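*Asks:* Below, each chain spelled out in residue letters.
There are 2 protein chains.
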Amino acid sequence: MLKLYEFSTSGNCYKIRLLLTQLEIPFERIEIDITKGESRTPEFLQKNPNGKIPTLEIEPGKYLSESNAVLFYLSEGTKFLPTDKWEKAQVMQWLFFEQYSHEPYIATSRYWISILGKAKEYQAEIKQKQAGGYAALNVMEKHLENHQFFVGNSYTIADICLFAYTHVADEGGFNLNQFPAIQNWIERVKNQPLYRSILR
Amino acid sequence: MLKLYEFSTSGNCYKIRLLLTQLEIPFERIEIDITKGESRTPEFLQKNPNGKIPTLEIEPGKYLSESNAVLFYLSEGTKFLPTDKWEKAQVMQWLFFEQYSHEPYIATSRYWISILGKAKEYQAEIKQKQAGGYAALNVMEKHLENHQFFVGNSYTIADICLFAYTHVADEGGFNLNQFPAIQNWIERVKNQPLYRSILR
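Protein chains in written order, with our numbering: chain A, 131 to 330; chain B, 131 to 330.
These are computed hints drawn from the structure, not numbers from a lab. Take the hints with a grain of salt, since some may be wrong.
The list that follows gives simulated cross-link-like pairs (lysine to any residue, SDA-like), each with its CA atoms no further than 20 Å apart [to be verified]:
#: 1; chain 1: A; residue 1: Lys272; chain 2: B; residue 2: Pro179
#: 2; chain 1: B; residue 1: Lys209; chain 2: B; residue 2: Lys192
#: 3; chain 1: A; residue 1: Lys192; chain 2: B; residue 2: Gly282
#: 4; chain 1: A; residue 1: Lys133; chain 2: B; residue 2: Lys215
#: 5; chain 1: A; residue 1: Lys215; chain 2: B; residue 2: Tyr203
#: 6; chain 1: A; residue 1: Lys192; chain 2: B; residue 2: Trp216
Treat the numbers as computed from the prediction; the structure is a model and nothing was measured.
All chains, please: the whole structure from these sequences, using the hints.
*Replies:* Printed below as a string of structure tokens:
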């Protein structure tokens, strides 16, 4: 059985749980407490030398890291990744957009505020992340104003990947009230078959 | 003909030039001076709403952004992207590693020091980027100690993507002397057929 090494409140880990659930693939969850350095132990570095979660154990001793690489691997050949070359390229574009222009702002702020509970200690850093996070949300809003989903009018790993931290952006201090298209898209994602919440 | 909107000293843009050259695909280059805000004009935001280069115009009005998404798109079906599912997943893993754990440290420092020429003004920021950059180089060094290339013993877009900023890491204040495996790999990449330098 697949083993998911994860920190369960992490959106990057939730992406994998959501896709695996929607693919009806069973998996075992192993909690790695990153706030206690558990992803940096010599034992864990054997699994992922970059010391990060999620890491998926595909079969004994065979590990894949980077949440969006795992989404790609699991979705190939399923309805969650288009086969059309141009649509697949656009999925990839949104996956890299998420890791470069979205996650480092919104997920990082959420980590300081809601996971560590240290909004005061990280006040200056959180303030620095606001502009970048809102820029990413603006790019998403503009796209969703005339698209039901990110690519090709159907729900793909581009949606799963961007949903993970966007739907909990308020936990990072981002207000979604000014983004009606994003709010409607969040509802569409939540209405997908076999949807599961980040809380479980 | 493909049109590459680029800032030519950017490693992210160089990745695309290198692959297109090795694929023997002709392309037109259009310089966008990011230091003058040229990727943020209303006209350019029509091409890439995220306001970043490189952006590749595949055909009139059809644009693809995110350097590693472009590498993926161009390399599918060529020797630069494995067809084996597991090897392809590992390529993806390194592509996301590069954009999350490598580029934000090494490329950003190089931008401040060697592109803007403002090492003094950005002294504090550059210092903050050192640990992350060296951590990424250590992950690469460890992998290259027993691999000729990043995935599957052959030269792929994983190598192209990591090469772009690694071989000019000194321009970002990173010393490669302590990384012999990386240095040897850089030579192997430079010896690939149809290699072109970042300078042209």
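*Asks:* Starting from lysine 192/A, check that the Cα of tryptophan 216/B is at most 20 Å away, please.
*Replies:* The hint holds at about 10 Å.
*Asks:* Is the straight-line distance between the alpha-carbon of lysine 215/A and that of tyrosine 203/B 20 Å or less?
*Replies:* holds (7 Å)
*Asks:* Hinted pair, alpha-carbon criterion (20 Å max): lysine 192/A, glycine 282/B. Please report holds or violated.
*Replies:* Holds, at about 14 Å.
*Asks:* Hinted pair, alpha-carbon criterion (20 Å max): lysine 209/B, lysine 192/B. Please report holds or violated.
*Replies:* It is violated: about 25 Å lies between the C-alpha atoms, which goes past 20 Å.
*Asks:* Please work out if lysine 133/A and lysine 215/B have their alpha carbons no farther apart than 20 Å.
*Replies:* Holds - the C-alpha atoms of lysine 215/B and lysine 133/A are around 19 Å apart, at most 20 Å.
*Asks:* Given the hint that lysine 272/A pairs with proline 179/B, does the C-alpha gap stay at or below 20 Å?
*Replies:* holds (8 Å)
Hint violations for this structure: number 2 only, all remaining hints satisfied.
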